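A.B. asks: Sequence:
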Amino acid sequence: MLQRLVERSLGEVMRERGLQVVSRPEVEANDFEEGKAFTFSALLQVKPEVDVKNYLGREVERVKLSVEEAQIESALRHLQETHAHLEPVEDRDHVERGDFVAIDFVGSVDGKTFPGGKGENYYVEVGGENALPQFEEALIGLKKNGEHTISVAYPEDYFNRELAGKAAVFSVTVREIKRKILPPLDDEFAKDHGECASLEELKRKIRVRLENEVQAIQESGLKEQILTRLIDAHPFEVPPAMVDHQVRYLMERNQSRLANQGAASSRSGTSVEQMREEIEPQALRQVKATLLIEKIASLEKIEISDKEIQEKVEEVARSAGEKGATIREIYRREDAREDLRSQMVFDRTLVFLLEHAKVKEMAPPIDAKEKKS
Numbered sequence: 001m002l003q004r005l006v007e008r009s010l011g012e013v014m015r016e017r018g019l020q021v022v023s024r025p026e027v028e029a030n031d032f033e034e035g036k037a038f039t040f041s042a043l044l045q046v047k048p049e050v051d052v053k054n055y056l057g058r059e060v061e062r063v064k065l066s067v068e069e070a071q072i073e074s075a076l077r078h079l080q081e082t083h084a085h086l087e088p089v090e091d092r093d094h095v096e097r098g099d100f101v102a103i104d105f106v107g108s109v110d111g112k113t114f115p116g117g118k119g120e121n122y123y124v125e126v127g128g129e130n131a132l133p134q135f136e137e138a139l140i141g142l143k144k145n146g147e148h149t150i151s152v153a154y155p156e157d158y159f160n161r162e163l164a165g166k167a168a169v170f171s172v173t174v175r176e177i178k179r180k181i182l183p184p185l186d187d188e189f190a191k192d193h194g195e196c197a198s199l200e201e202l203k204r205k206i207r208v209r210l211e212n213e214v215q216a217i218q219e220s221g222l223k224e225q226i227l228t229r230l231i232d233a234h235p236f237e238v239p240p241a242m243v244d245h246q247v248r249y250l251m252e253r254n255q256s257r258l259a260n261q262g263a264a265s266s267r268s269g270t271s272v273e274q275m276r277e278e279i280e281p282q283a284l285r286q287v288k289a290t291l292l293i294e295k296i297a298s299l300e301k302i303e304i305s306d307k308e309i310q311e312k313v314e315e316v317a318r319s320a321g322e323k324g325a326t327i328r329e330i331y332r333r334e335d336a337r338e339d340l341r342s343q344m345v346f347d348r349t350l351v352f353l354l355e356h357a358k359v360k361e362m363a364p365p366i367d368a369k370e371k372k373s
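The sequence shown runs 1 to 373 under my numbering.
What the hints contain is simulated information worked out from the structure, not anything from laboratory work. All clues stand as given, with none of them false.
As a list, the in silico DSSO-like pairs of lysine-lysine whose alpha-carbon atoms are at most 27 Å apart: (1) Lys205 x Lys191; (2) Lys191 x Lys203; (3) Lys191 x Lys180; (4) Lys112 x Lys166; (5) Lys53 x Lys223.
Note that the structure is a prediction, hence the values are computed from the model and not measured.
Input sequences plus hints: build the corresponding full structure.
C.D. replies: Next comes the structure, spelled out in structure tokens:
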């Protein structure tokens with residue numbers, strides 16, 4: 001009964017004062033005595049009211065960047081690599097640098113096998129730096145179908161802490177040796193793999209794509225500058241509960257990403273406390289940015305309609321392919337739609353601020369010019 005009384009009283013106070021509470025209240029109640037007024041105190045963390053000034057016409061700097069011919073050639077070579085095929089090597093029986101070899105292997109440390117230290121018909125690009133460089137180097141010269149012994153030393157900073165700094169011995173059998181065959185870069189390649197009538201048209205298509213990427217990178221950088229200038233110009237305190245919520249969100253997102261990558265990361269040895277400490281400044285910045293942008297959106301009456309929400313949901317669902325139905329189901333929930341609305345308002349407000357910013361064009365750094373030449 002007392003709990004319901006406290007909750008009702010707090011609710012009335014919050015409505016009267018227009019408070020947005022961001023944490024569970026810490027209540028300290030006095031003893032209840034029948035016939036006497038019941039009093040209690042409550043500590044609440046509330047969403048701060050932000051006063052934003054001079055947010056239009058902020059000066060930002062854009063570095064002039066252009067797409068160079070070397071970048072187009074690099075993208076073209078990458079496309080060529082993706083359409084290469086492998087052919088068995090018939091004119092020799094030993095491994096050379098650049099070969100793709102299928103191997104069976106069993107590794108041991110101190111005479112004991114270890115998880116992930118065994119494989120069959122496992123392909124390695126010799127010199128491709130996808131395996132331990134020392135292991136790849138040791139494959140050079142090995143003969144097909146012969147059994148060989150390779151010794152490697154794992155580096156001290158190896159992501160698997162169980163193997164870091166230790167010596168391992170591998171028993172290796174080379175099953176197949178193949179070489180990579182690149183398709184010729186000609187008009188036929190452009191037709192087959194670039195949907196273009198000629199190689200020159202494919203190069204123009206690549207240039208447009210790269211220019212769009214440069215523009216997107218520049219725009220992202222300008223928006224970050226705007227946020228930084230807004231945050232620096234408007235110092236204010238943020239309730240710990242809001243930062244804590246954002247920290248937990250970022251940590252969950254990072255853990256989900258690592259899980260999707262098989263957790264093969266050097267950060268697998270990082271403690272939760274260390275990760276939290278590293279993430280907290282980022283979380284604080286994001287919370288401040290959100291509060292500032294929300295205020296500006298309110299002042300400028302920047303809104304997202306229900307129709308725009310639905311169009312965005314359909315766009316995301318179509319791009320998700322087979323998972324489209326799941327995406328649509330998620331966004332039937334009101335909380336998911338409101339989260340999406342908030343993100344879209346944030347993005348639209350940043351675009352608005354960028355449109356009203358003073359953009360100063362800057363020459364690229366000298367070292368950037370040298371790298372291009």
